[in-house]
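First to last, the protein sequences are chains A and B.
Numbered according to this note's numbering, the first sequence spans residues 10 to 268.
Numbered according to this note's numbering, the second sequence spans residues 10 to 268.
Think of the hints as simulated: they come from the structure by calculation, not from any bench.
Note that the structure is a prediction, hence the values are computed from the model and not measured.
All clues given are correct.
Okay, derived cross-link-like pairs now, SDA-like style, lysine to any residue, Cα gap no bigger than 20 Å in a straight line:
1) K12(B) with P27(A)
2) K12(B) with E22(A)
3) K12(A) with R25(B)
4) K12(A) with E22(B)
For the chain A half of the interface with chain B, some residues (derived, Cβ under 10 Å), not all of them:
5) D19
6) E22
7) L46
8) L57
9) E58
10) G59
11) A62
12) I63
Quick look at which bits of chain B chain A covers, simulated, 3 or more residues with Cβ under 8 Å:
13) 20 to 32
14) 42 to 56
15) 63 to 70
By construction, the Cβ of each residue, glycine as well, lies at the ideal position given by its N, Cα and C atoms.
Each chain, letter by letter, is given below.
2 protein chains.
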Amino acid sequence: MTKVFGIIGDPIEQVRSPMVFNTLFRERNIDAVMVPLHVRPNQLVQVLEGLRAIENLGGVIITIPHKTMAASFAFNKSTRVTIANAANALRPCEGGWECDLFDGEGFARGMEVAGHQLDKKSCALVGCGGAGAAIALALLDRGVVRLSLFDTDRKKCEDLAERLRGNHKTEITTSPPRNGDDIVINATPLGMNPDDPLPFDLELLRSDAIVADVIMKPPRTKLLTRAAVLGLLTQEGRHMLDNQIDSIWEFFRLPTPKQ
Amino acid sequence: MTKVFGIIGDPIEQVRSPMVFNTLFRERNIDAVMVPLHVRPNQLVQVLEGLRAIENLGGVIITIPHKTMAASFAFNKSTRVTIANAANALRPCEGGWECDLFDGEGFARGMEVAGHQLDKKSCALVGCGGAGAAIALALLDRGVVRLSLFDTDRKKCEDLAERLRGNHKTEITTSPPRNGDDIVINATPLGMNPDDPLPFDLELLRSDAIVADVIMKPPRTKLLTRAAVLGLLTQEGRHMLDNQIDSIWEFFRLPTPKQ
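Build the full structure now, drawing on both the sequences and the hints.
Below, the structure is given as structure tokens:
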């Protein structure tokens with residue numbers, strides 16, 4: 010009778026979702042389990058096709074580097090999936106999968122919970138993959154006044170800017186972080202490995218800027234440690250996950266917890 | 010880092026393997042989990058292809074009604090899989106799956122542990138599916154003097170008898186249980202549902218016969234309850250599973266427990 014949930018990623022050992030969800034399943038007395046599934050990019054479709062044929066599969070969380078591929082594979086997409094061209098949660102539906110993208114909402118809520126308002130702020134986002142696109146969309150929805158996007162893959166960056174401009178009137182540039190930014194966000198995978206270079210230059214930021222990371226492991230990346238040394242405010246990656254759990258819970262059609 | 014194991018069946022809610030293995034994983038301090046996977050017969054291949062592409066999948070236990078299909082799908086087979094045309098455990102290997110069949114060994118060991126010797130006994134087996142074929146093979150290996158096979162699917166029964174005769178010189182008939190049998194075994198699914206008819210007639214058995222079942226849930230089937238009322242010795246289905254755990258553990262390449 011157990012509902013099985015998975016989280017798919019490559020690498021996978023950094024993910025915190027099984028710990029978070031399995032703790033909630035236990036606390037809320039729900040017969041369900043979330044397991045980590047290590048899947049290479051070229052195997053994602055085969056795995057999703059296989060999982061879809063498991064009757065007691067409740068849903069799948071998608072993480073790096075599969076978010077864009079998952080969005081193109083699922084046929085029932087929310088608006089934010091279509092614009093961001095990325096999905097981080099799939100649930101079975103008649104004939105296939107439907108998907109949504111909760112990273113942006115999770116990131117934005119995490120900032121607000123930490124007391125960092127987004128409204129009217131100038132933001133710089135580095136990394137235009139799935140998480141980056143999701144965050145960009147949420148920042149625009151929250152009313153930032155300016156958003157700069159940057160990615161070493163220039164085409165990916167321009168494409169995302171183009172899709173966002175089609176849906177928002179906010180000023181969107183494709184340029185690296187600059188001194189005028191209030192909030193600067195790393196949405197690249199840089200920082201997972203101790204030898205990674207910093208995703209952007211901290212020295213040029215204003216002394217009251219906030220530096221946010223989406224990396225879950227290590228909890229405090231080199232970027233955040235260096236930023237703190239420079240006296241900047243920091244926001245760890247775990248907040249993005251922690252603040253989307255309720256939305257994913259509901260998306261997976263898990264029973265509403267009693268208050 | 011967690012190794013994920015599955016058990017595939019239809020129905021699935023009766024399986025005990027996740028409870029047994031997850032308890033062992035916890036006791037032996039192993040970062041692994043076994044999850045139940047409910048898969049319909051026509052979806053087995055799709056699911057196995059999907060699971061094979063998960064890097065941290067450790068292996069899969071196969072139960073009713075998939076044992077024969079699993080054997081034909083896997084390409085690296087043990088001798089007993091080939092003869093029984095059934096497999097109940099798969100592990101990933103280069104380019105696909107290899108499989109083995111531990112039900113027979115588990116059943117035979119379970120009987121021996123309970124003090125029921127098989128050597129020189131006359132045995133009747135009802136049900137020639139995967140579990141039945143596995144048990145038939147183990148009984149022959151243990152030196153029974155006579156084995157009768159019965160199945161409502163006469164062709165399945167004759168085919169199994171043919172394959173067994175090609176490998177053993179023991180007398181093998183295709184006929185229902187009779188008064189001369191020492192051990193009579195139900196290897197059909199009859200008994201899982203309360204309304205199921207008895208798989209064979211208990212009245213004609215000798216008063217010192219042993220009646221064994223392979224059904225796990227309910228632990229005591231109607232067959233075993235009635236047999237006990239008639240004063241016959243009985244053997245529950247769980248012994249078949251309990252006595253193959255060590256073999257499956259080893260097959261899954263899990264670390265040998267410290268004594």
